[in-house]
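Asker: Sequence:
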Amino acid sequence: MEYLNVVAIIVAGLMVGSELAIAAFVHPTLDRLPDNVHLPAASALARVQGRVMPFWYILVFMLTLAEVYIRWHQSGRLPIWILTSAILWALASLYTITALVPINNRIASWEKVTSPADWKTFRSRWDLLHRWRVVLLTIAFAFLIV
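For the sequence shown, the working numbering begins at 665 and goes up steadily by one.
To be clear, the hints were calculated from the coordinates, so they are not data collected in a lab.
It is possible that part of the hints are untrue.
Said to hold, decoys possible - Have a look at the derived ranges for each label pair, beta carbon to beta carbon:
1) 701 <-> 741: 52 to 62 Å
2) 685 <-> 722: 13 to 23 Å
3) 810 <-> 780: 35 to 45 Å
4) 762 <-> 695: 20 to 30 Å
5) 734 <-> 791: 33 to 43 Å
6) 690 <-> 775: 19 to 29 Å
7) 810 <-> 782: 35 to 45 Å
8) 788 <-> 736: 10 to 20 Å
9) 742 <-> 704: 41 to 51 Å
10) 719 <-> 802: 34 to 44 Å
Glycine included, every Cβ here is placed at the ideal spot set by N, Cα and C.
Start from the sequences and build out the full structure, keeping to the hints where you can.
Answerer: In structure tokens:
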């Protein structure tokens, strides 16, 4: 059980840290670049995130659910903090799929010749939604740790 707990915390912490780094450092740095560099970099990052993050989100959710299940069956009591964390991970995943993935897919498909004139509006919208996701993920991570 302790190994599962350590693995869940490490995997979740790395994911939250990654998402925080995107919000706090990577995208603000991209925003300061010239458009001819910003757009291809944002598109490339969106493609990588679109491939990797779904598996990472699923892994964190499954590890958290496994912790809920095992702790519940070991103690006979439902671990409310970890269960709350699992629910928040699920909500973050649903929020990601409904709000962020459509914008991310659009950004991932852009190239210099096919990007819309208002492409920065989509990037700004994604960044705003992403910051809210980081808040939700941080809270879920805190509940997992408690």
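Asker: So the hint says 34 to 44 Å: do the beta-carbon atoms of residue 719 and residue 802 match that?
Answerer: 21 Å, violated
Asker: Holds or violated: the 13 to 23 Å window for the beta-carbon distance between residue 685 and residue 722?
Answerer: 20 Å, holds
Asker: Falls inside 35 to 45 Å, the C-beta gap from residue 810 to residue 780?
Answerer: 44 Å, holds
Asker: Would you say the C-beta atoms of residue 788 and residue 736 sit inside 10 to 20 Å of each other?
Answerer: With Cβ atoms ~43 Å apart, the hint is violated.
Asker: Does the beta carbon distance between residue 734 and residue 791 stay inside 33 to 43 Å, or does it fall outside?
Answerer: The hinted range 33 to 43 Å holds for residue 734 and residue 791, with Cβ atoms some 37 Å apart.
Asker: Starting from the hint 19 to 29 Å, judge whether the C-beta atoms of residue 690 and residue 775 obey it.
Answerer: 20 Å, holds
Asker: Check the following: the C-beta atoms of residue 701 and residue 741 are separated by a distance inside 52 to 62 Å.
Answerer: The hint (52 to 62 Å, Cβ to Cβ) holds, given that residue 701 and residue 741 are roughly 54 Å apart.
Asker: Lying within 35 to 45 Å: is that true of the beta-carbon distance residue 810 to residue 782?
Answerer: Once the Cβ atoms are compared, 43 Å apart, the range 35 to 45 Å for residue 782 and residue 810 holds.
Asker: Please check whether residue 762 and residue 695 have a Cβ separation lying inside 20 to 30 Å.
Answerer: 25 Å, holds
Asker: Can you tell me whether the CB distance of residue 742 to residue 704 sits inside 41 to 51 Å?
Answerer: The hinted range 41 to 51 Å holds for residue 742 and residue 704, with Cβ atoms some 49 Å apart.
Hints 8, 10, counting from the list given before, are not met by this structure.
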